[in-house]
Amino acid sequence: MPPVSVGDWCLTTSIILIDRYLSRGGGKPASSVERSQVVTQGLRHYVKTRDQRTIGRRVCFLSVSSKTVLEMSRQRDQAVLKNKPDNTAFTQQRLPAWQPFLSAGYVLPTFFLLGLVFIAIGLGLYFTSNNVIEIELEYTGRSPNSSCHHCTKNDTKDCKCNIEFKVDKTLPGPVFMYYELVNFYQNHRKYGVSRDDDQLNGDLKYLKEPSEYCFPFRQDGQNRPIAPCGAIANSMFNDSFVLYKVNNSEISKVPLNSKGISWWTDYNVKFNNPKLDNGTDLKQAFEGTVKPHNWPRPAYELDTNPENNGFINEDFIVWMRTAALPTFRKLYRRIDDGLQPGKYLVEISYNYPVLSFNGQKRVTFSTISWMGGRNPFLGIAYLVCGSVSIVTGIIMLIVYIKYQGQNIRKVE
Amino acid sequence: MFRCAVNRWCAGEEKRVDSRTIYVGHHPTPEIEAFLPQNFCDNRIVSSKYTYWNFIPKNLFEQFRRIANFYFLIIFLVQVIVDTPTSPVTSGLPLFFVIIVTAIKQGYEDWLRHKADHSVNKSPVYVVNGGKIVEKQSEKIQVGDIVCVKEDETFPCDLILLSSSREDGTCYVTTASLDGESSQKTYFTVPDTSAFRTEMEVDSLSATIECEQPQPDLYKFVGRIHVFSDKQEPVARSLGPENLLLRGATLKNTDKIYGVAIYTGMETKMALNYQGKSQKRSVVEKSINVFLIVYLCILVSKSLIGTMLKYIWQSDPANDEPWYSSKTGKEKNINQLVKMFIDFLSYMVLFNFIIPVSMYVTVEMQKFLGSYFITWDKDMYDEHLGEGALVNTSDLNEELGQIQYVFTDKTGTLTENNMEFIECCIDGFKYKNFVDSCVVDGISSNDGPCSSICGMAGKEKEELFLRALCLCHTVQVKEEDKVDGLLKQHGGSYTYISSSPDEVALVQGAKTLGFTFQGMENNRMKIQNRETEIEIYELLQILSFDPVRRRMSVIVKENSGRIFLFCKGADSSIFPKVNTGKQEEIRLHVECSAVDGLRTLCVAYKELTQDEYDQISTQLQEAKMALKDRDKKLADVYDKIEIDLHLIGATAVEDKLQEQAAETVEALRSAGMSVWVLTGDKMETAMATCYACRLFHTNMKLLELTTKNIQEFKARNEAKVHELLLELHKVVVQDKKYSSVSQLRSWSTTQEFGLIIDGAALSLIMKPTQDGSTGNYKDLLLQICQRCTAILCCRMAPLQKAQIVKMVKNTKEHPITLAIGDGANDVSMVLEAHVGIGLKGKEGRQAARNSDYAIPKFKHLQKLLLAHGHLYYIRIAHLVQYFFYKNLCFIFPQFLYQFYCGFSQQPLYDATYLTFYNICFTSLPILLYGLLEQHISIEMLKKDPSLYRNIANNALLQWKPFLYWTFLGLFNGLVFFFGAYFLYDNSTLTDNGQVYGNWTFGTIVFTVLVFTVNLKLVLDTQYWTWINHFVIWGSLAFFVIFSFFWGGIIWPFLKQQRMYFVFAQMLTSVSAWLTIILLITVSLMPDVMVKVLSKHPDKGRLQKYLVYNKAADTVSTPRSPVEPLLARSFSIES
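Chains W and X, in that order, give the protein sequences.
Mapping the first sequence onto the UniProt record's numbering, position 223 (from 1) lands on 223, and the numbers just tick up by one.
Mapping the second sequence onto the UniProt record's numbering, position 432 (from 1) lands on 432, and the numbers just tick up by one.
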């Protein structure tokens, strides 16, 4: 006869005892704890009622069994519990959910509403944009008739040329004066990275040791660091404009405001002049560096106003924000009082060569609306989009009605 | 491990030994002059992959072997080496994140394995050494050591059982951890060694064992032991699997055993079985790869176009080198071709985000996490079994939605495999449950020949038959019953255990008829007969069952000394062996029972004289001793022994259909799958089951391609097969012409066909003929099969099942196959099919272990395929398409920008945006979509199986939807870029006149992009749980917050503060706001229109279905099983 393991024996014992107990107590399935209590109680009872001779032998079994039963029944419970999947909304993929249905009933009104709103916005934008007045003057001087043609010759220095224009309607202030370059790739990858923002932030270390990105505009022939380094700074636009109002033969200078033409954050945070601990002189701070090759003056002599000199020269900051497209416009000055109707004259110091890369130069005066400069695109786009939306709405409505009809016929 | 492998290979190469010799206890034996201890590997188990020093290189190698990872590594290296537009961080960060996370996961798993290995290898074992028991570490066991194992311990290596503490020289073992069978199995000692009881005795044993080299089959072992006793000729005994205790099994109900180690460490059968299965890849994965190639082509062509245009554009010197951005001398000196190549690489790097790392991660995560929903599903939990579904591989979740062919086993899969003894036929008389009364049920008078036999066989015959039932089996009696006086509770009821439920049913049946099998002791079987006397038979031989012979026999000796051979088996294998007995009547009975769907067995016997037995015994002994081809030799001997039998009767056992099996089969069929039943059972039985589970129905024309059918022709077999095939083909194809006129798939109008084919016919068809025309037969068969709605293959050998699956799998259309089975005989087909499903059935766990998914019951297949499969397919298909879409419209604007930046590879977006786009801003919503989406509710999917057809043939990943998504991506890319471009016609966008630069331009495009891509998902999501809301709106909010944060600080580690306040500045412009809103609307509008317009038919259908369903619910009570299928197929098709 094979020996039976204690575990098996106990389990069978316990089942009998529990059965016995439960059949008396009117039976509900017991949890493991209950079961163990039942077992101990039952065993005690069993021991009491049994005759004394066999008790010694039984008790040793019983003490083993009540423990083992507890453990085994718990294991069993756990096994069942462990395997049984949780009945939660998540595990059963029954999470409460909103189930939208893109039906014509919702979509058609949305299309019409959207169309109307878009047309309204579009009209607003269109008229706003049309109210913006823009005067654009080209002064590249490629054609011999152009007044700036003589400045395109190589040997001219400090060349000045004038362009006259007429204002028919009052341009209310502020009027913004831009210069515009065509076919100038400020967004060229190699060009765009050729700068050192640490240097421009006034970091003395990088002032002397510009970043490798600036190469080949990092150091001059004698290994002196260039400040500001890089191709962008080196190619800074250096034409300058003076605006005169021509009143009969009398010419008066129109005041141009150069403050606030760059981003506030650029001017105040991103760009900073190098500062020495001891002195405040900008020139001293720049000592040991050389000006970019194309610059006529070093950085610390860009302007006489110390607030607008060195790296925090606003014209410089504007230039350093590289443009997205090869035809771009950059803010030059602001005319706070606006332009009255009449004749005007722009005097241009022509320094910047663009003909070598088939470029063009323009100077532009523009008023500004709440949406920015003159740009009919947005208004037209909104109008087109709005009307397309309404038209598709109508088409879908027709399809829908037709389909409904067919559907009804089919059902019949 | 390495050493073992080397040993094995070297041994194989040098000597080509196919057996090994083991000296038990390392004692030299007298016979062999030179004691040459062979070198075997030690008992160390190494399941871990890595060691401390090889982890990094090996793991990296493993990871970069994946094409995707390798591609990203290449991109990264290009970025490091060549001066490229984006910094290496942008592609390096995600790549290394993925690599490191994977490495940590794998490292952790490996550490756990190390720990487990360590605890196993260092665990104490007891080895007999010099007559004493010595404690050793498990890994130190050598081949030839005698190991002592106590009760409830697992065997530390593969052992040959030498002696057991049980008197009869047996021990009980459970192999639950090896093959999942929890029943106890009996193992036997070699008779010559079973007497050794103490260490001293065992140690004194002088023996050698010859056995085959390690092989992974758990159930095969051949060996021979030579026992040398003093001065006598060595005694040779055969060793089989019944002597071999496998590592991993546990000793039960036996105090202790001694065994000699023969396979150790990595050569144990457990370790050899440890090797992983081959990877199955889903159709979706294959489509992903195709799309990947398309995108790779797009990537390469974009780069090529970019490079070409760059050089064309630069041919104008004004463009090539304007003074403001002049080249360095170094740049000028580089060879033109090299320059072009570098430019090409730069473009590749710039556009490489079109194939994102994150897609792989997301797909993996979706699959891994998604498979939990299958395990968690309480609808697939079986209370009785206490277990739910099990996912062995999560790679195939979506494949469950693509199944076209279902191959199902019958026994245990369609049926319960819960056998019940129904009736028997003794000497031509029918007995049904009771001995005394011949049961004539009401209808049986109409049954024709079946009912005519009613009466009683002679008492002697009756008792002989019942004895045969009681003796001819391998059932064991569970032993707990015989313990203490206390435990005599069940009143003498016996619990029988056997690997075959049929046998249990038969023994139980015999009990109800008065003969009780009481168990076996010392090779003596005890039977209690009707007079409650105990009869004792000595069991002489067991001619065990195998699926080829399809019968088993026992040879027993009565107390009086008469020797009987009892044989039971399938009718087809018994009848040829029988020469006396009432064959005709019994055959009739068997067929009648089979038509009722019962499993039948025939019982026969013969009496042997002592001489005959001795002869048989020596023959068997010889065959068992053979080391080579033992199985074949044994089978031959068995064949010789089992002849001239006297047929005494037949039994019929019912195997009930599983709950809802018929409904499930029907649902699968209306879902467009063709269901094939592959069974080893008799044709009649199988047909009955097929009718019962509504695979066949009365309107169906059944075509038979069976041996019986073939034999009706008189000509040569092959010719016959051909003719028959042609004939069937004609029938079917003619019909096809009809059907092509009417609408396809509306079965109701055309004739339906069912095909029955049996194993013998199949092997004829599959067998290559001399002229090699097998392909022709196969094609014919396939064409026939494709026209049949239901196919039954009976009398299949396990390998034939796999063959059929393979044949269907390799047809031109490459349909997706699913095989479901529960037993060891289904393993081959489960492994062969695209998706293998194992039932956690009664016949062990082999199928479940080898399957991709294991479910408790056949009915769970319905939810697994129709609901889970459908949803996972939709989810992953959408996920994949969406991923390609979102990266196309991410990268396309960047490509367009090249036309406006002098083809200089200037990135449009900031590097952080490039990096984080796929990681943070758009990853979680699609992942959760992939986990939670239910475009149709689970209830609906279960209710309407025909919805499954909507996604058949990988519908969502065909070229059409792919092109739709691609065009959508391109359109969106165009809108994003040119919207911003026209806006930038005037870069003054605020009322303070300041202008915006290129980073603002990129940020506008990027903002539109992130919003559009997320809102596109909003449009697609049909099931909005709070998680979806949280994740989608959270991603958008995160994008905005991140942008503010990223632009809000001068980052000390950045060389270029490009994004400083760009985002905030952008938001101060009303125009930018309006543009963003406009562009998002324009981008989404086509998709909304397509959705609204294309939803119509679907919606109409669904609504109608709902209406129909409501009507059906109110008018008629739930579908009665009697309702003909015809009506139902109408309703589903309409």
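It should be emphasised that the hints constitute simulated quantities derived from the structure, not laboratory data.
Just so we're clear, the structure is a prediction, and the values are computed from it rather than from any experiment.
Among these hints, one or two may not hold up.
[As the list claims (entries may be wrong)] Stretch by stretch, here's where chain X covers chain W in the computed footprint (C-beta under 8 Å, at least three residues):
#1 251-260
#2 336-344
[Said to hold, decoys possible] Once the Cα atoms are required to be at most 20 Å apart in a straight line, the calculated DMTMM-like pairs of lysine to aspartate or glutamate come out as:
#3 X:Lys-330 x W:Glu-250
#4 X:Lys-150 x X:Asp-83
#5 W:Lys-190 x X:Glu-331
#6 X:Lys-330 x W:Asp-277
[To be verified] The calculated label-pair distances, taken between Cβ atoms and stated as ranges, are:
#7 X:Trp-313 x W:Arg-297: 34 to 40 Å
#8 W:Ile-395 x X:Met-340: 30 to 36 Å
#9 W:Asn-278 x X:Cys-920: 45 to 51 Å
#10 W:Arg-297 x X:Ile-56: 32 to 38 Å
#11 W:Glu-250 x X:Phe-978: 36 to 42 Å
#12 X:Leu-726 x W:Ile-395: 23 to 29 Å
#13 X:Ile-1041 x W:Pro-255: 40 to 46 Å
#14 X:Tyr-108 x W:Phe-112: 54 to 60 Å
#15 X:Pro-961 x W:Phe-90: 27 to 33 Å
#16 W:Ile-395 x X:Asn-953: 28 to 34 Å
#17 W:Tyr-403 x X:Pro-1086: 17 to 23 Å
#18 X:Leu-974 x W:Asn-257: 57 to 63 Å
#19 X:Asn-335 x W:Arg-362: 38 to 44 Å
#20 W:Phe-90 x X:Phe-1042: 25 to 31 Å
Ideal Cβ positions, reconstructed from N, Cα and C, are used throughout, including at glycine.
Hints versus structure:
Residues of the stretch 251-260 of chain W with a Cβ under 8 Å from some Cβ of chain X number 1, which does not satisfy the need for three, so the listed coverage is violated. Taking a C-beta to C-beta cut-off of 8 Å, the stretch 336-344 of chain W contributes 0 residues in contact with chain X, too few for the three needed, and the coverage statement is violated. Using a Cα cut-off of 20 Å, the hinted pair X:Lys-330 and W:Glu-250 is violated, with the two alpha carbons roughly 56 Å apart. In summary, the hint linking X:Lys-150 to X:Asp-83 is not supported, as the alpha carbons are separated by about 70 Å, beyond the 20 Å threshold.
A hinted pair counts as satisfied when its Cα atoms are at most 20 Å apart, and W:Lys-190 with X:Glu-331 qualifies at roughly 12 Å. Restraint check for X:Lys-330 and W:Asp-277: not satisfied, since their Cα atoms lie roughly 40 Å apart, outside the 20 Å limit. The hinted window of 34 to 40 Å between X:Trp-313 and W:Arg-297 holds, with their beta carbons roughly 35 Å apart. For W:Ile-395 and X:Met-340, the Cβ-Cβ distance of about 49 Å falls outside the hinted range of 30 to 36 Å, so the restraint is violated.
W:Asn-278 and X:Cys-920 have their C-beta atoms about 47 Å apart, which keeps the hinted 45 to 51 Å range intact. A hinted range of 32 to 38 Å is violated for the C-beta pair W:Arg-297 and X:Ile-56, which are about 58 Å apart. Our hint of 36 to 42 Å for W:Glu-250 and X:Phe-978 is violated, since their Cβ atoms are close to 49 Å apart. For X:Leu-726 paired with W:Ile-395, a C-beta distance near 57 Å fails the hint of 23 to 29 Å.
For X:Ile-1041 paired with W:Pro-255, a C-beta distance near 43 Å keeps the hint of 40 to 46 Å intact. The hinted window of 54 to 60 Å between X:Tyr-108 and W:Phe-112 holds, with their beta carbons roughly 58 Å apart. Hint check: X:Pro-961 to W:Phe-90, Cβ distance near 30 Å, so the stated range 27 to 33 Å holds. At about 32 Å, the beta-carbon gap between W:Ile-395 and X:Asn-953 stays in the expected band of 28 to 34 Å.
In this structure, W:Tyr-403 and X:Pro-1086 meet the distance hint of 17 to 23 Å, their C-beta atoms being roughly 20 Å apart. Separation of X:Leu-974 from W:Asn-257 is about 41 Å and departs from the stated range, judged on CB atoms against 57 to 63 Å. At roughly 40 Å, the beta-carbon separation of X:Asn-335 and W:Arg-362 lies within the given 38 to 44 Å, and the hint holds. At roughly 29 Å, the beta carbons of W:Phe-90 and X:Phe-1042 sit within the given window of 25 to 31 Å.
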